[in-house]
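Sequences and hints are given; from them, build the entire structure.
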Amino acid sequence: MSAVIDTHAQDHHHGPAKGFTRWLYTTNHKDIGSMYLIFSFAMFLLGGTMAMVIRAELFQPGLQIVEPEFFNQMTTMHGLIMVFGAVMPAFVGLANWMIPMMIGAPDMALPRMNNWSFWLLPAAFLILISTLFMPGGAPNFGWTFYAPLSTTYGPPSTTFFIFAVHIMGVSSIMGAINVIATILNLRAPGMTLMKMPLFVWTWLITAFLLIAVMPVLAGVVTMMLMDINFGTSFFNAAGGGDPVLFQHVFWFFGHPEVYIMILPAFGAVSEIIPAFSRKPLFGYASMVYAVGAIALLSFVVWAHHMFTVGIPLAGELFFMYATMLIAVPTGVKVFNWVATMFRGALSFEAPMLFAVAFVILFTIGGFSGLMLAVAPADFQYHDTYFVVAHFHYVLVPGAIFGIFASAYYWLPKWTGHMYDETLAQTHFWLSFVGMNLAFFPMHFLGLAGMPRRIPDYALQFADFNMVSSIGAFMFGATQLLFLFIVVKCVRGGEKAAAKPWEGAEGLEWTLPSPAPYHTFATPPEIK
Amino acid sequence: MATNQTYYVPEQSKWPIIATVGLATTLYGVASIMVNGSQGESTSGAWITFGIGSLIMAYMLFGWFGTVISESRSGLYSPQMDRSFRWGMSWFIFSEVMFFAAFFGALFYARVFAVPWLGGEGDRGSSNMLWEGFQATWPLLNNPDPEAFPAPEKIIDPWHLPLINTILLVSSSFTVTVAHHALKHENRAKVKIWLAATIALALIFVAVQAYEYFEAYAHLNLTLRSGIYGSTFFMLTGFHGAHVILGTLMLTIMLIRIMKGHFTPEQHFGFEAASWYWHFVDVVWLGLFVFVYVL
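Chains as they are written, first to last, in the working numbering: chain A, 1 to 527; chain B, 1 to 295.
Some hints here could point you the wrong way.
[To be verified] According to the in silico footprint, chain B covers these stretches of chain A (three or more CB under 8 angstroms from chain B):
id	stretch
1	124 to 130
2	161 to 167
3	205 to 219
4	240 to 252
[Stated by the list, open to error] Going by beta-carbon spacing under 7 angstroms, a handful of chain B positions derived as facing chain A:
id	residue
5	10
6	103
7	228
8	252
[Claimed, not checked] To be clear about the criterion: a stretch of chain A counts as covered by chain B if any three or more of its residues have a C-beta under 8 angstroms from a C-beta of chain B, and this derived list gives those stretches:
id	stretch
9	22 to 32
10	105 to 117
11	231 to 237
12	306 to 313
It is worth saying that the hints were derived from the structure and are not from the lab. What you are looking at is a predicted structure, and each value in this text was computed from that prediction instead of being measured. No residue lacks a Cβ here, since even glycine has one placed at the ideal position from N, Cα and C.
Set out below in structure tokens:
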């Protein structure tokens, strides 16, 4: 069928290799995608366990379970593991599985480098997690590792943390280069850029953001490394440096980073909502431009994380208005999702439930973000639980619901089986209720003045914290159900058709379910 | 896009996992050297870890690139594969640009904001209360706290060694382009001469830079510890120097491959990638010369 010119042509259509070397040596985008997804879920459970420790300690006022020192390590590691270990790898896993199938490519453009990108992650997290057992404990300065907490006052393990971040960065950059090379070079004939599925578009832009800002993260941790070990004074005013410089460089990375964690979810939801509305996506071109606009704006809003640190008034104003501008393209997207559903023939299978919840709850997170963007008002809620509520509303029902929606949507394609719809709906409703119970009261706590990153709090915050902890336990336990649903789906279940969703569009549904080990060795023709 | 039929998807490969073990071992070793050293513990075990990791990395680099070269020479790569490599290298260089951008950003921030504020100017002039009487200058020859960070006595004069280095690097960008044109015209003797000249210029550059560092440390008290001027100076020029060394290694490998008869006038992306990288290193240097040395 294909004019493969390599000498292995006869075994080109073989299946996977046997044994564990299949996973160690693989160059197959589906294997690598699966490994990313499994790794991400393992990290999700680990980071989630740390969240459970945090919520258990905060269940009541007073110190019950852990020492404040360990509590700080938990908040730090929870954030780092969820951002770099759970959310980002999950989206890279989805990209690996889906992008080649959605654009009609035989694999990723650089398959060996793809495998390296993955395997660097377990290595990096092995180093990061090992810091928990080092003298002085794990990093305890928050996932944003502000200097001088992380430089002058950090534990000795900070140096190991820095190198772990370097390895994660190498992994992300190579992964992103691979995604861009694949999308720009391996599209099937006839698939112009403006015919690409939105998931592919959002990943193209995400990959650009990754390549632009991960090196900046590498730069800022390198400056930390030098300040800690070699006596430089980047973040030390005694030598003419400035701790605020750390925040500028960090958030120059950090703000695009939050879009790195949400844009692929935008893309996935833009696939799922049309499928279950049985209507084409409303305003495809405006969706593409909106994502581009969000990505560009993400480079000029970073100091909205730093309104209270003492930046010049002109800076406060610029970053306030620039941040508010982001609401415009985001509003375009929300409008288009709603318009897609409007007068559609809707059905609410698990992917659609998660996608609709995504639209509603992410919008709540967006609105609280808009509140935080108002510089004078931010002085009131800076570093309170309001901020915690805000970013958990964009990350949990945003990024993570986007991942769940994608997983349910494409599981039939990956495994060849339908997942258990009843259990999946249970998973959705328990997650939905648990998550809102956990994070909604945090808005009130924050507005009432409860600071973030503390193991103990004043008595008037007790009730909302207890509700929040109950919701968190509920959400956490529910995720074991997700594990069960996926394992059950992998092992068996109702046979899935090539296109199990009536309204689904795209090349991936032209392939049989489960998708064969090698797909599109000859590219399809796009009309 | 129409040539997907021959896109080469490699078989299973052991190199990624070896590279992972190598990189993680190396960096774990480096971190252990730093942490054990700062706590006054023995660093010999850490050095051994670092050494083993580096050897694994060296083995991996030879093996992985060797595999790619032999695949390329046996004709497995299509023009489409070539485009993937080009995109890959271009975006890799873009990531390097952003890495340097972080350090240039730190330099500009220190010069334009942090140091003047400490001197009592501008919107955050109250910072001057930290070290009253501190005078902001650039180059910063008096640190706010001279006990903790003894300031440099003088800085490197841009119109001596750095100017020589600028001439060396700009000429080397020129010589590598001459070599590239010679390769396109299948004039191998000429390629060898001009590529060797490029490598020679690069090595002289590194030697001059090393001498400049020696001068800075031995006579000017310009060190990593001499405040924000020394910090930005050594981090920018140091990372640039490291990239020059990496680029020189790439060019040396290309020279060896030319001697072995690799490359054709049409297909020589390895050579082009190395020369792209070399031009990138050159452009970064021009930025350094202007913003670190002259201004």
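Against the structure, the hints:
1. With 3 residues carrying a beta carbon less than 8 angstroms from a beta carbon of chain B, the stretch 124 to 130 of chain A meets the three-residue requirement, and the given coverage holds.
2. Beta-carbon proximity to chain B at under 8 angstroms applies to 4 residues in the stretch 161 to 167 of chain A; the threshold of 3 is reached and the given coverage holds.
3. For the stretch 205 to 219 of chain A, the stated coverage by chain B is satisfied: 8 residues place a CB nearer than 8 angstroms to a CB of that chain, which reaches the threshold of 3.
4. For the stretch 240 to 252 of chain A, the assignment as covered by chain B holds, since 8 residues bring a beta-carbon within under 8 angstroms of that chain's beta-carbons and 3 suffice.
5. A least Cβ separation of about 5 angstroms between residue 10 of chain B and chain A falls short of the 7 angstroms threshold, and the interface hint therefore holds.
6. For residue 103 of chain B, the suggested interface contact is upheld, since its CB lies about 6 angstroms from the closest CB of chain A, less than 7 angstroms.
7. Restraint check, residue 228 of chain B versus chain A: the minimum CB separation of about 4 angstroms is within 7 angstroms; hint holds.
8. Using the Cβ-Cβ criterion of 7 angstroms, the hint placing residue 252 of chain B at the interface with chain A is not satisfied: the shortest such distance is roughly 23 angstroms.
9. Residues of the stretch 22 to 32 of chain A with a Cβ under 8 angstroms from some Cβ of chain B number 5, which satisfies the need for three, so the listed coverage holds.
10. Under the rule that three or more residues need a Cβ within less than 8 angstroms of chain B, the assignment of the stretch 105 to 117 of chain A holds, with 10 such residues.
11. With 6 residues having a beta carbon nearer than 8 angstroms to a beta carbon of chain B, the stretch 231 to 237 of chain A meets the requirement of three or more and the stated coverage holds.
12. For the stretch 306 to 313 of chain A, the assignment as covered by chain B holds, since 4 residues bring a beta-carbon within under 8 angstroms of that chain's beta-carbons and 3 suffice.
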